[in-house]
Amino acid sequence: MPAKEVPEGHKRSPQTADSIQDAFRRVYHLRALHDVSRELFGAIEFETVLKNFLFMTMGNFGVSDGFILTQDDPSKEITHFVSIGFQDQDHDSLKSDGLKFLQDASPTTAVGDSEVHLQPRGLPATVACTVPFRVDAGCSGLLGLGLELTDETFTDDDTEVLLTLVNNLIIALNNARTFENIKRLNQDLQKKNVQLEEVLSEVDRRVFHLKTLYDISKDIFATVDFEAVLRNFLLMTLGNFGAMEGFILTLDTSIGQITHFVPRGCDEADLNALQEEVKEYLLGTHIENSIEKSELITDIPFLPGNIACTFPFRVDETCLGLLGLGSKLTGAPYDENDKELLLTLVNNLVIALKNVRSFEEIKGLNEDLRTKNVLLKKTLSELQAAMRKVEILESVKANLSKFVPTTVSSLIEKSPTATIPEAREQYVSVLFLDIEGYTKISERLQDAELNEIIEKYFSVFMDAIYANNGDVNETAGDGLMVLFLSENDKTNALEAVQTALAIREKATLVSQEKNSFSESLVINMGINSGRALVGAAKFDSYTGSRWTYTARGMVTNVAARIGALASGGAIHLSKSTADRVNDHFSVKPKGKFKLKNVSEEVEIFTVNE
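In terms of the working numbering, the sequence shown opens at residue 1175 and continues consecutively.
The set of hints was computed from the structure by calculation and includes no laboratory data. Watch out, some of these pointers could steer you wrong.
Unchecked claim - 20 Å max Cα-Cα, derived EDC-like pairs, lysine to aspartate or glutamate:
1) 1528 / 1334
2) 1664 / 1777
3) 1502 / 1419
Sequences are here, hints too, so could you generate the full structure?
So this is what it looks like as structure tokens:
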């Protein structure tokens, strides 16, 4: 049977959704029991009861096909057959196959012992489940239901409620049988006056039972408070049996503690002792057998003398209960008829208590959801604020990176709140680049055109520099200072030379482009490798502090000087650089040169691809 849909707003998680749907399923089952029972007990003819039951059961389980038949056991002949949804030509096979299935099933006479058969063999494939049942010693029956319109299979919950409905059907059919007996007895009223009175008494008893069931069910299903359900049930039960004293107690077996205790009319001095004795009784090993047999117990020694009988019951795996009733005001003992009524009433009580448990669970889940929603809203707000800060910082970073060397940006990212590390000595390769004849070119060109040319050339140079792990450290109008800081001395020398060759190639390509500038630039470069003091340097003045990041020492000075000696697009290398790249590039000595502010002559090499 499809469970009632949970409102969309309550769907939060697979565990939460299952609990909510289970609660709604139980409420739906209770509603189905009420509706079918109302239709059953509103009819007094056997055939009408069967028709009403089949119609309401099919509607509640959402099936389009169904049938119900009864047989006279001694003669094995069908006495009643009701079909809805099946074709007329199918009736004969349904009767014969159903009769054979019923005879093979051999339903017992005990109430509640009916069994649901899913996908029963020997019946048409459209019959999804059957329930054989016994009305009385001479009459048995078979209920068959087709597939659910939703194509869902019958669940354990479905079979539970189906068995409850069939039990009510049996009671209703017995009522119908009783009414038929009454009609026959009325025809022979003068001869069987005594027998008629007995039948009328039986009818009165059953009507009283049904009225009691209706009244108590109305009260216990009208509230969702566990204590209120117990209190209402006890008051109504005492009233219907005509007793003045009684109690009802529930126990959580997982912790061995009493959860609810509702007394009525008992001596207050006995209540504490009564609770402890009942707790020990419910925790005993014998109680399961009593619950399974639905025993009405009248000989519990620890009970006060005014308690005439008890009825144990189970709500769920961890909750047991005991109902105690005092003696009837009429002085009559509790008999089998009372036991039958009490069984029905207690079964309805258990369903009501499960309904309350489900409601309390839903209520708790809703409270958790509300708390989590508040927390989620707060967390989301904090996250949005944090994301906004990140966006601002990323924006600042993107703008600053245009003006800050990559090495400095990396240092700040690694230690955003700490001080900049002090300069340290390390192996480095330094490349100086300048434009040949820059002063004369600037005299010939307008500032805007000159700036456009510089930007065009230097933009492609930057691609080559970053592709080889270089970092532009300083810029002048016509030149760049680039550092290569790889930990391996050969690697940074190779990266510097690769960068220089790539710059020369890209400069040639820019000059050869169509619609190129009026001036083609010649780029001269010098590279030196060695140990230098690399890092941040701070300069303080009355206007504040300023930081710079560079490589200081003779390595830098020599690189600048040999670059200044280059002409015609040459790439000059110092000996230290040439020695580290001569296995990869063709280097040619150019001679030794005296450099400004350098005491010894420096040997210079040129490099070709």
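Right, here's what the structure says about each hint:
For the suggested pair residue 1528 and residue 1334, the alpha carbons sit about 14 Å apart, so the restraint of at most 20 Å is met. The hinted pair formed by residue 1664 and residue 1777 meets the criterion: a straight-line CA distance of about 19 Å does not exceed 20 Å. Distance check on the hinted pair: residue 1502 and residue 1419 sit about 9 Å apart at the alpha-carbon level, within 20 Å; holds.
In this structure, none of the earlier numbered hints is contradicted; all agree with it.
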